[in-house]
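Given the coordinates of chain A, assemble chain B onto it according to the supplied hints.
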Amino acid sequence: MKSRYSIFSLARNAINYHKDWERAWRSPTPKSEYDAVIVGAGGHGLATAYYLAKTHKLTNIAVVEKGWLGGGNTGRNTTIIRSNYLQDPSIAIYELARSLYEDLSRDLNFNVMFSPRGVMMLCQTEHEFRAFKRTAHANRLAGLDCRMITPEEVKKIAPIINDDPNCRYPILGAYYQPRGGTGRHDAVAWGYARGADSLGVDIIQNCEVLSIRRDGGKVAGLETSKGFIKTKKIGVVTAGNVSTVVQTAGLRLPIESLCLQALVSEPIKPVLDCVIMANTVHGYLSQSDKGELVVGGGTDPYNNYSQRGSFPALEHTVTALVETFPIISRLRMLRMWGGIVDMTGDRSPIIGKTDIDGLYVNCGWGTGGFKSIPGSGYVFADTIFNDRPHPIAEPFGLNRFVEGRLIDESVAAAVAH
Amino acid sequence: MLIVHCHVCGAEGDETDFHYGGQAHIARPATRDPASVSDAEQRDYLFMRHNPKGLHFERWRCDRGCGKWFHAARDTVTMEFKATYGISELPPRALMEAATGEWAIFFKDKLAKGSEA
Chain A
1 MKSRYSIFSL ARNAINYHKD WERAWRSPTP KSEYDAVIVG AGGHGLATAY
51 YLAKTHKLTN IAVVEKGWLG GGNTGRNTTI IRSNYLQDPS IAIYELARSL
101 YEDLSRDLNF NVMFSPRGVM MLCQTEHEFR AFKRTAHANR LAGLDCRMIT
151 PEEVKKIAPI INDDPNCRYP ILGAYYQPRG GTGRHDAVAW GYARGADSLG
201 VDIIQNCEVL SIRRDGGKVA GLETSKGFIK TKKIGVVTAG NVSTVVQTAG
251 LRLPIESLCL QALVSEPIKP VLDCVIMANT VHGYLSQSDK GELVVGGGTD
301 PYNNYSQRGS FPALEHTVTA LVETFPIISR LRMLRMWGGI VDMTGDRSPI
351 IGKTDIDGLY VNCGWGTGGF KSIPGSGYVF ADTIFNDRPH PIAEPFGLNR
401 FVEGRLIDES VAAAVAH
Chain B
1001 MLIVHCHVCG AEGDETDFHY GGQAHIARPA TRDPASVSDA EQRDYLFMRH
1051 NPKGLHFERW RCDRGCGKWF HAARDTVTME FKATYGISEL PPRALMEAAT
1101 GEWAIFFKDK LAKGSEA
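Going down the list, the sequences are from chains A and B.
This note's numbering applies: residue 1 is where the first sequence begins, and numbers increase by one.
This note's numbering applies: residue 1001 is where the second sequence begins, and numbers increase by one.
Worth flagging that the hints you see were computed from the coordinates, not collected in a lab.
The reader is advised that the hints may include incorrect statements.
To be verified - Covered stretches of chain A (chain B as the covering partner; in silico rule of three or more C-beta atoms under 8 Å from a C-beta of chain B):
no. : segment
1   : 241–253
2   : 307–316
3   : 390–404
Just so it is clear, the structure is predicted and the values come from calculations on it, not from any experiment.
Glycine is no exception: its CB is placed at the ideal position from the N, C-alpha and C atoms.
So here's chain A without its partners, still in its complex pose (with noise of 0.2 Å):
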């Protein structure tokens, strides 16, 4: 078990000018076999980890990553926390997140700084508000802490917005989730992955998944960089790359990739303090603690690999929020980055079984996976452990695509895709 970190700690290690700092993580190398195996070591494959030794008490366990942890979608998202989703399977998997979020730094000794700032989203058309209004109803049967505020109220919380009535897209009101927010992404990560390892969980780094080695209708172990490792269990969580993962078992998956951008400006003094999603004019902004400006908007159209996204999305992006914000029309932006995103049809996530005995996928989160992180990897863990999927993650199967059970978010989401 390792040292907690405290304000003691703290101090006993000021003494020592911090030069004695214990490693958060270890660098194992792998074993030849395990009880299961977590490909990519990402948000949501480490917070898996970590309920699986945890809740499950399952420890004889691997990561799996291709590079280093945290450095896939999980260091390139926009860090925005909130539930707020149209239909009932999405609020109980988003909230769960989002209620774990509440306690994380308590239950991992790691502050994830979350932020309940609350998260606001614009209604710019007739349109717009009543889509929103009529997902504020579904939100509170579900017993979500959320409602529609006025005008007045939102110029309130955000007083550089624009509130001419006559511009292009004024603003009609907005629906606000007061216990949604953003959080560290990176400590998230950090924070899954120091949790695990103390728990005995092996997180193996740099260490590429070659194939995954089936045995007739059931998984034999993994291909990797640094040999074969025999497992019975494989759970692929590895966002845009899950299609070429998965098949190498043969698994086709209904799902692509595509390109997602995000950028910061300049540190400012702050401006401010809440999340606000413009989603008529595509983009959202909030203002992180060194006081950039944090700006998202949608995905590239076209299926991209590279990690880097293309001009015209970051211009439409930052054009629509020049609108909403005029105060950000000077802004010098600092640094832009994109992420591999993968995209289901419905846009909503797939967690479950698949049809080869022992594969698990947990994949599909789209532009929405930050937010989902301890959910996912709650439900995921208990779903690869029973071998059953969790009542929470049930809807989010295979089948529904076959069975034409949709869970449709593709309009419903805040953020567009």
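Relative to the frame of chain A, chain B by itself:
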């Protein structure tokens, strides 16, 4: 920024002058005999997509030019357009042979038969 060439009118423009139409060569199973289409086949038609890391075959539309649809072969890692070809055509033989994974399986019998779509 992608620079796209229209196969039909020859116009050159950036990606905002064109519209991406997703995966190419998807045949609607219900066109021939609707009654015999299984749920799984319908799922494949509606939702299953080739998602290769590398050479991909897709549809584009010349939005601000001639308005016609055409096919393109593009690499999803380097973003390089390898070829464009007509909407009712199959890709050049060399590209069909270069295809990997699901595309290689798809083109296998087409390569044996000839070049009709």
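Hint-by-hint comparison with the structure:
{"no.": "1", "hint": "241–253", "in the structure": "holds (count 6)"}
{"no.": "2", "hint": "307–316", "in the structure": "holds (count 3)"}
{"no.": "3", "hint": "390–404", "in the structure": "holds (count 4)"}
Against the hints set out earlier in the document, no violation occurs for any number.
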